[in-house]
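Q: Residue strings, one per chain:
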Amino acid sequence: MANTTTKQKSISYSKFGYMFIAPFFLVYAFFMFYPLINTVRLSFFGNQGDSVNGLDSFVGLQNYQFILFGGEGSFAQVSHDNFIQAFGNTFLLWIGNFVVQIVLSLLLAVWFSDVRIKTPGTGFFKVVMYMPNIITAASVAGIFLMIFGNSEFAAVNSILLKMGVLSEPFRFVDNVWSSRIIVMMIQTWMWFGNTMLLLMSGIFGIDPSIYEAAAIDGSSGPSTFFRITLPILKPIFFYVVITSLIGGLQMFDIPYMFHVGSNVNDSLRTVAVFVYERFTGVKNYGMSAAASVILFIITVFLGMLINKFNTDSTAPKKKRKKV
Amino acid sequence: MADSYNQSNKAYRRSLMTHSIIRLIVCIILTIICLFPLYVIVSNATRDHQDILKQGISFFGTDLFKNIETINSPTKFAGLFKNQFLLWDGYRNSLIIAGFSTIFTVFFSGMTAYGLVVYDFKGKGFATNFILAVMMVPMQVVSTGFLQFMYQLHLVGGVQAYIALILPAIAAPSVVFYMLQYMRSSFPLEIVEAARIDGCGEFRTFLQIALPIFKPAFAVQAIFAFVTSWNNYYTPAMLLGPADNNLKTIPMMVQSIISADKLSDNGAKYLVITLSVLPIIVIYLILSKFIVKGVALGAVKG
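Listed in order, the protein sequences are those of chains U and D.
So that you can map any letter, position 221 of the first sequence is 221 in the numbering used here, and since no number is skipped, the others follow by simple counting.
So that you can map any letter, position 126 of the second sequence is 126 in the numbering used here, and since no number is skipped, the others follow by simple counting.
The reader is advised that the hints may include incorrect statements.
Unchecked claim - Below, computed lysine to any residue pairings styled on SDA-like, alpha-carbon distance capped at 20 Å: (1) D/LYS293 - U/THR119; (2) D/LYS82 - D/LEU247; (3) U/LYS308 - U/ILE298; (4) D/LYS293 - U/VAL110.
These aren't lab readings, by the way, just hints derived from the structure by calculation.
None of the values given here were measured: they were computed from a predicted structure.
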């Protein structure tokens, strides 16, 4: 008897559960899930830039074929070349900033959480180092465009000219490698503070008595780092790498805006820029959708890696609970 | 014996001291690297174009008001500064979008997490796992289908685009995930039971009892939601790209100024960039303590 009443009770309350979660799922379905399906659908349809097939014609896997393998006609070939280049650029820009960023962040995270050697002003440094991360990306691009401008009047050029290092202004923004290196630098500048704070939260989770034991046993600084800190940090380290890689695949703002004039720098065109260019101006939905789907598949794969390789898959959750 | 102990102790302390100083120096260098670009834009915003041409980086100048005049002038550079960079409109638009997005994100994420923690219902496990699974799906991946769909609904290029910019904030999987963690660890379900016995309705329990308890968690998430939305260029540019200039957001206006070739007044350009970062830096300086603490809590890296 008592059993049935409680059961009835839980049934009567369960409808509130649905009501509480309904707004989220309705909005998600409308603004994210349907657009995702729509993207997949559009990837099988034609493009405006394609003179043979119109915008509304079903073309099967042709868009994928074009961007992945190229094809006959300049439209297919240009799309293919651009996409492959965009993929290369994305990876290059990511790896170039990530290697520097992770080394720097790890070093700082270990320093700031060191109980033996205190760095004065840790709180201040954390605040300052995270600050670039909250500044509007459009403004950041503007700042660095002004500092590393092409002309002899831009800050860096004018200093180098005055010092006699250069005899004529160097076109930092137009040059393939200097523009890439500057964008990598900007990304590092923006993100190292964030990565540092994530890694620090992982280090704080380590039991201090382990370090005490290591110190008593005469473990030196580097060996403590490589034999204790790094192995324990592995799950969160892995989490940082994969989330950064997923973030890197979407890299858009800085590469898109770091140019002078109206055209995006070819050497900075990432996959996200490739997609954006195709669905805004010319409405080549099919092409941009196909590129998006490829990006999506890679993202899903990387997301699954987090769960699989992380033997301790609750690492980020645990960390959240503790703090 | 005691002497040699003192000696080695001294040496040990000295080595600690040296390490500490080396670290301090590295940190100071990094601090300068972090702050220097900001110093350049703020100081140059107060300098005249000709001054900047002569010397790219220098101390603060005295021409701030001249630069303010330039960006407000209807005649200089054919009024391009004034037409492209509508400061107050930009602040207003960014504030409307970021403000409503933040409220929606925090409130509905809290509501969703509350529903998943407090109630038992069929499909609850699925709903939770779904939210965890879609946390990593970025906007960039769905934007083609999103934009085409928004064109069909006529939500592109006017005031109505604000609907498409604000409403999606209701579904923020990573915030829900964070709230779930928070509620599971620090929300006693007995409170809900007690409220029920006292005859409190379910929604009232949520609004008047649960919400105040979640305030700290909400605050942290609200700061991040606001900053993310304020800084967002991608979605607003997509939906408001064809719109009138007075409907655009601050990042869009900055982008249009920095990419314009013809605007050759550097002092005014520096001022535009300074004005665009000013509100966010003020917010950061006031709330930095919470922000730095909150980064590792719920941030999904972008």
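Q: Determine for every hint whether it applies to the structure shown.
A: For each hint, the structure was consulted:
At roughly 18 Å between alpha-carbon atoms, D/LYS293 and U/THR119 fall within 20 Å of each other, so this suggested pair holds. For the hint linking D/LYS82 to D/LEU247, the alpha-carbon distance of about 14 Å falls within 20 Å, and the restraint holds. Among the hinted pairs, U/LYS308 with U/ILE298 is consistent with the structure: their alpha-carbon atoms are about 15 Å apart, no more than 20 Å. Distance restraint check for D/LYS293 and U/VAL110: the Cα-Cα separation of roughly 17 Å lies within the 20 Å cut-off, and the hinted pair is therefore satisfied.
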